[in-house]
Structures are given as structure tokens and as C-alpha cells.
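In the order they appear, the protein sequences are chains Y and S. To convert, note that position 171 of the first sequence is 171 in the working numbering; the numbers rise steadily by one, no gaps. To convert, note that position 68 of the second sequence is 491 in the working numbering; the numbers rise steadily by one, no gaps.
Hints in this document: simulated from the structure, not taken from any laboratory. Hints may contain errors.
As the list claims (entries may be wrong) - Straight-line distance between alpha carbons at most 25 Å, and here's what the computed SDA-like set of lysine to any residue pairs gives: (1) Lys790(S) with Glu153(Y); (2) Lys755(S) with Asp209(Y); (3) Lys212(Y) with Ile475(S); (4) Lys189(Y) with Lys250(Y); (5) Lys612(S) with Gly305(Y); (6) Lys226(Y) with Lys635(S); (7) Lys635(S) with Arg93(Y); (8) Lys368(Y) with Lys563(S); (9) Lys368(Y) with Asp557(S); (10) Lys563(S) with Ser355(Y).
Number of protein chains: 2
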Amino acid sequence: MIKISMGYRFLKKLTRVEDAIALVSKKLMIKLGIEEISFDESLGRVLAEDIISNFDEPLIDKSALEGYAIRGADILLASQYSPVRLEVIGEVRIGEIPTMKGAQGKAVKIATGAALPDGFDTVVPVEYVKVLNDEIEILKSFPIGDNVIKRGEDFREGQIMLRKGKIINPFDISMLSLLRKIRVKVLEKLRIAIIPTGSEIIEPSEAGDAYKTVNTNSYTLYALCKEPWMEPHRLEIVKDDLEALTRIIKSSIENHHALIITGGTSVGELDLVPEAVQKAGKVDLMIRGVGIQPGRATGVAVVNGKPVFMLSGFPVACVTGFIAVVRPLLYKIVNALEPPRPVVKAVLKSKVSSSLGVAKYVRVKVKKIGEKLFAEPVRVTGSSALSSLTESNGFLVIPPESEGFDSNSEVEVILYSSIQEQG
Amino acid sequence: MIKISMGYRFLKKLTRVEDAIALVSKKLMIKLGIEEISFDESLGRVLAEDIISNFDEPLIDKSALEGYAIRGADILLASQYSPVRLEVIGEVRIGEIPTMKGAQGKAVKIATGAALPDGFDTVVPVEYVKVLNDEIEILKSFPIGDNVIKRGEDFREGQIMLRKGKIINPFDISMLSLLRKIRVKVLEKLRIAIIPTGSEIIEPSEAGDAYKTVNTNSYTLYALCKEPWMEPHRLEIVKDDLEALTRIIKSSIENHHALIITGGTSVGELDLVPEAVQKAGKVDLMIRGVGIQPGRATGVAVVNGKPVFMLSGFPVACVTGFIAVVRPLLYKIVNALEPPRPVVKAVLKSKVSSSLGVAKYVRVKVKKIGEKLFAEPVRVTGSSALSSLTESNGFLVIPPESEGFDSNSEVEVILYSSIQEQG
């Protein structure tokens, strides 16, 4: 674990993001329950069982396209100049049980996906067939077995089709329906308490003067946790009162799987949150100060085996703390992989600098000019400037080992909104 | 508009995806209503008004960090070797109204985000201050105005903060809360009818033999449309009956903004869907056959100003039709930009080929081996092989002007699931 010094007086140590995540992961002891729900309501939930097929798919040999089912041996020498004539003895539509049998010199008209009659082994696409009353002429040779979807070609009985721990996507829903897996086991939702703190904080709906701060963080975090496998709960604002804080944190740990507390985490005297966390249960780990900027004040504790995230009260620092530290750990709790995020390469329009040892989250606006992408930093400082998040559409993360990027360098930007085209 | 020939007998013309989208866009006549909802329920909805600030943010000058508010002129010559002494006349905490005034030779302890008392103009970070009872020594010079967040620095009264047409993201929710915009105007949800057709189709919960096809498409499409701004409705399976089809399509056009019909779109005799669509209302446009593979049978009509998508009944072709044609047009209806999708570069593990004039959607599994990404095609043919979608984690799209990619070439993959690391 590498500790980085910050400032010169309070030699405060910052824990690197990867170290914080690794340390916390090791201490977590969360046992999530399993729910059985209808497959068509399972989108975005975490699969809690391996899904195994109990039949071959397809269950019968089928035609891959519209054409004529034939015996491949009959047309081995067919060509446009010496077509092969076959007698058409019937037709199989999709969903029908074939009533005829295949034989030498015979053919059957067949629809895409329709069952191949016994005795036939090959399908000739309709484009290569000339129809003459009850006969057809085949104008091209096809290998035996061509255009036939064989029984079990997609998958076999007993095969694991979806693995435990996968976050169910639309295609998985499709597979569940095909397997007729009507009820499916998923992890219970991860209950997350979002606790705003600070005597200066008021709700958006409350009256307050210019000296008060509007609670924006609870709503941002709630929205960031609005995944089908999470169940965020916005709790009421807690004043800067050690006893009240301790009480709320204690009961929240009992009723939730994870806590996200905002405000009261920096080194000021009113920062009672870490103290309250200490008193709220058995503290297995307490990290204060993480190597991200904004968001250095981010803290995370493990209390009674559960994570208690202490995020800055400043909106942008709160967001970076969530993205860098909270979100990866929430995915770790359910043992699922984080979904891929869109990343683009863009040309940086102005120099950005950072301190060594800190991952700096620069809000940039990526624009498309002609065929090229450009990234313009929206604001360089300020952890409370919310507009920097709404004006930007991505984060440029300057890694801890870099002091920044020069203007015109190519950088990678993690996008969170669409790129607008510019003239 | 470029038409592409396919096969040699039924010279069927395929419309290019971009052309299909452009043609349909021009014909759509959908007037969506506007709803006013609570801001904290607006995530993922389409904003139907410009959001304008009605105050400066911040409303007062604030300290950007923990330190001492001073007059910048007092410390212009301060250094570690000749510190400047100032008298501390009080403290301002966050949320408090300052009771003192700034003056020459004076300082006030100030918290991050606390209001700067009148008469002071600069904040010295706590790290550069030595505390001596009621006095402090400042060890470094700071420019006048440093570490002060000026009134209106984030945004000004009257500024447009969020623009109409934006799909509301978590940071926009944050901005709405800060602006105390408790009620927000959003577009009504786009009602989408999902209509499975085919006499051979049965629901996953129904009993059926091997010759029947399980309805997977309705569930996949429902999941793909499960965005906060869409409201998908799964309708019952419609048999291959022209009258029944016409009736359902007609009533669905009346009650929905868009229709997605699956099955019955290829050239077979049972393909009654396009005929029923023709009878269901005033047809302004009918496109049959789009240059995607799988999914050539994809069709789209505009009936009474509304889009009627006709997707293949084959699961993978249904999905590619949705992704290539339906989804972009749904975003166009609400006049919003499609969100960025994650795209990665990977080394192709085996050759893939395609026909000119057709955008081929190859399902690939992207794996990380060491630091490198590799893309392995999961299956090359088959529009019904559902497992190719659940085993893969991305699409490699071979553009219409390419005949494919060689093994070991670097390709771009649109990811829809996480990349697993491999030893």
C-alpha cells in the first residue's frame, strides 16, 4: 500500500484507490439472500444460479432458409448448364410436423425454420431452384447437410447457458424464455442507505438563506444507485450531532447492506461522521483520505462487516468518491463485473495538471468537429461547482503517476453523456 | 439511396440502414405530450423544457478550503523566513452568517464552503498557517482573491443550465435539486407495442412440441425497451390470420406511438404482416429488406405518421433489426441523442467475411489476455442461434463497404457485457 503525503503541515496520508478497494473487499462480510422471481422481471438483477438447458436446441433438424429439402447425393453434379430435376412431393411450413419422407429424386418445399422431413439431409435455397409445375430444377451443387440446422446445433441438454453472478441483460432474458425458465433465482437487492449530514444542509423543498447548502448529494447518489440490483434509500438530513449521527448510522447498518454518508468527513472540527462511525459498531477498517481529486476527503470504513462510505459534502467530490470507490465496491459485494463504460480518445484542447499520487477527475466536454473528437476541460478547480458536471459529458482521469497532459495530447475520456456534433 | 441486390433470382432490393432511418424520420408525425413530474423521479426521462437558474450560485462569496480569511494585501511579502502575523478575530463555520468584518491586520478562521466575511478577499489554506494563541503566522504569499469562490462563479441567474431534449442523467438530477426545481416537465413516455406473430409461436409458459417456436422476441424487445422514457407493452401472440393481424395493428397504432412486430416479414407465403400493415391505416412509407445481416428481412413502415417496425421472427435477426433500425428511430422520435456505447479495439482471432452492401453483425467474445484484448467470433451463421448472443459480449459490425476482416486484424467491438480476464 502506497501512502502519499499532502500539504506540508498535516502530513495527511492518502490511500490509493486500488488499495482502498482491496483493503475493504477483504474485510466485507455480507450475506445476501436469494429471491426467486419471474424471468421477465429479472433484467439487471444478479443471477444467483447457473442456468442449465434441459433440452437440445433445436430439438429437431430444421431448414436454415427458404428452399427445397432434398438428398444431397442427388445434386452433387448439378450446375446452371446441367440442372438436376427432382419431383416435389409436398411442402413443410414452419411449426408443422412433416407428413412425408425424403427419398431419392424427391424434394419438398420448406420454409425457414421448418422441420426437415426424415430422409432429406440438405436444403437448396429458393434462389437456386427453377420451379416447373410439380418438378424443380436445381441449378447448383450444395454440400450434403448444407443449410440445415442440426438438432442441438445451438446448444445441448445439460449445457450451462448462463452463469451465476451475471447481471442479467436483455439477451439473457431471451435465453431464459427459450429455456422456459419461468422462475429464476437472483440475489436480493442491495439495500443502500444514503445519509446526508450537516447542520447547514436543507432539502431542495425547504426555505433557507444564502448561508445554507441545498442537499443535492442524496438525489445524485440515489440516481447513481438506481440499478435494478440496488435499492437505494434516501434518509433524512442528520445535523452535526454526535449522538444523533451514531444512532442513525447504527440503525442503518442493521437495516442495510451498505451506507453512503455525505458531509462531515474533512479535517474540520465539525467532522463528526468518522467519530460516529467508530461508535456505531465493530470497526474492522477505517480509511480516511483517498487519492482522488476532487474527493480527497473520501473515507470508507467496514463496520460489522458492512461498508460505510464517507463522501465529501461537496457535490463533485461526492460524485468522484462514488465513482472511484463506492461503485466498484458495490459490484464486489454482489461479485459481479462492472459493466463496460464508453471510453473515447480525444484531443485535449488545453493543458491539465495534477499532483503526483492523486487520480484527478477532470470534467471535460467532448465535441465532434468534422471526424475528430476534442476534449475541453470544463473547469479546473472547485469541488462544489455542480455545473461542471452538467456542462461536461465525460471524465478525463489523470492517473496518480502523471502530473497531467499537455494541450493537443490524445487522451482517453470516460463518457457519461452523448457527444454533440459541432460545425 | 443505394439499393443492393441480393441473391440472383428474386433480385430483392435492400435499403441501407442510414437510408431507412433517414426516410422514416422524414415521414414520422408523432406529437408527444408533456408531463410534469417530481425532479427526483425524472432520471432517464426526456427533458421537455429548458432549465434556467433563478439565482447566482453561489449566492455569496465562500471559502474554497479550510483556512484563514484575510486581506490579500496584508500578506503580499509573506514567506517561510519572514512570516506575517495577523490577529484572529473569530471563526466562520459552514452555514453561519459571519458576525465580524474584515480589516487590515486581522484574520478569521474559516471552514470550507463557509461565507467570507465582508472586508476579506483571500483565504490562506490551513497548511500554510502557524497558530500562536490569538494570532497566526502566515508562511507564504497568496494572490489576492485566492481560494475564494466568488458569488456566481458556478453559474449566474438567468443562465440555461439544462437544455430541452436532454435525457436526464444523475448529474442533471443534482442540478435540478440545487436549482430547487421540484417539478420538471418531461416528455410523456413513448408507448411501444410489441406484437409477436406466427401460428407456430407459443409462450414460454405454454406446453408445445418440438415443431413449435417459443416466443423469445417479445421478452428480449421488452427488455431492450426498458428505458425510463419508453413504455413497452407486450401484446399477445397473433396467429397468421390477415384479419386478426390487421385488427391488432390498427388498434395498436391508435394506442401507441410505435409498433414492433416480430415474425412474418420474409418472402414466404405466410408473411402476412406487411399486407396487414398496408390495410391498417394510411401508409406513408413501406421499406422491406434492410442491409443488415442477420436481419435482411427487417421492414419498417410509417402508418398514420407512426413507425411500424417489422422484425424477423428469428431471435438474432430480431435483435440486430432492433439495434440497427428501431432504436435509432425511437431516439429520433423524442429528438434525443443515443447514449454513447462502449467500444473497444481488439485483435480478431479468426477471419470473418461478409457480403458487400450489408452491415454484418458478428457476435464476438472479447477476452483480456494479459494487457491485450482479443475478439473471437462466437458463430458465423445462424439467425436463430440465441446462444451466440449470450456467449458473446459484443458485436463486431462489418460495414457494408467491407467484405470482412482477416484474422489478427484490429477491429472495433461494441460491447454489451463485461470483458472477463483470462489467464
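For this session: Given the hint that Lys226(Y) pairs with Lys635(S), test it: the Cα-Cα distance must not exceed 25 Å.
Result: Violated, at about 38 Å.
Exercise. Is Lys635(S) within 25 Å of Arg93(Y), Cα to Cα?
Worked result: holds (11 Å)
For this session: Mind checking the alpha carbons of Lys368(Y) and Lys563(S) for me, to see if they're no more than 25 Å apart?
Result: Judged against 25 Å, a Cα distance of about 43 Å means the pair is violated.
Exercise. Within a Cα-Cα threshold of 25 Å, do Lys755(S) and Asp209(Y) meet the stated pairing?
Worked result: Cα-Cα ~42 Å, so violated.
Exercise. Does Gly305(Y) lie within 25 Å of Lys612(S) when you go C-alpha to C-alpha?
Worked result: violated (42 Å)
Exercise. If you draw a straight line from the CA of Lys189(Y) to the CA of Lys250(Y), is it 25 Å or shorter?
Worked result: holds (20 Å)
Exercise. Can the restraint linking Lys368(Y) and Asp557(S) be considered satisfied, given a maximum Cα separation of 25 Å?
Worked result: Distance ~56 Å between Lys368(Y) and Asp557(S) Cα, so the pair is violated.
For this session: Quickly compare the C-alpha distance for Lys790(S) and Glu153(Y) to 25 Å and report which way the hint goes.
Result: holds (24 Å)
Problem set entry | Satisfaction of hint between Ile475(S) and Lys212(Y), Cα-Cα up to 25 Å | This hinted pair holds, its Cα atoms lying about 21 Å apart.
Problem set entry | Given pair status - Ser355(Y), Lys563(S), alpha carbons within 25 Å | With a Cα-Cα distance of about 19 Å, the restraint between Lys563(S) and Ser355(Y) holds, given a limit of 25 Å.
Checked against the numbered hints listed earlier, the structure breaks hints 2, 5, 6, 8 and 9; every other hint is satisfied.
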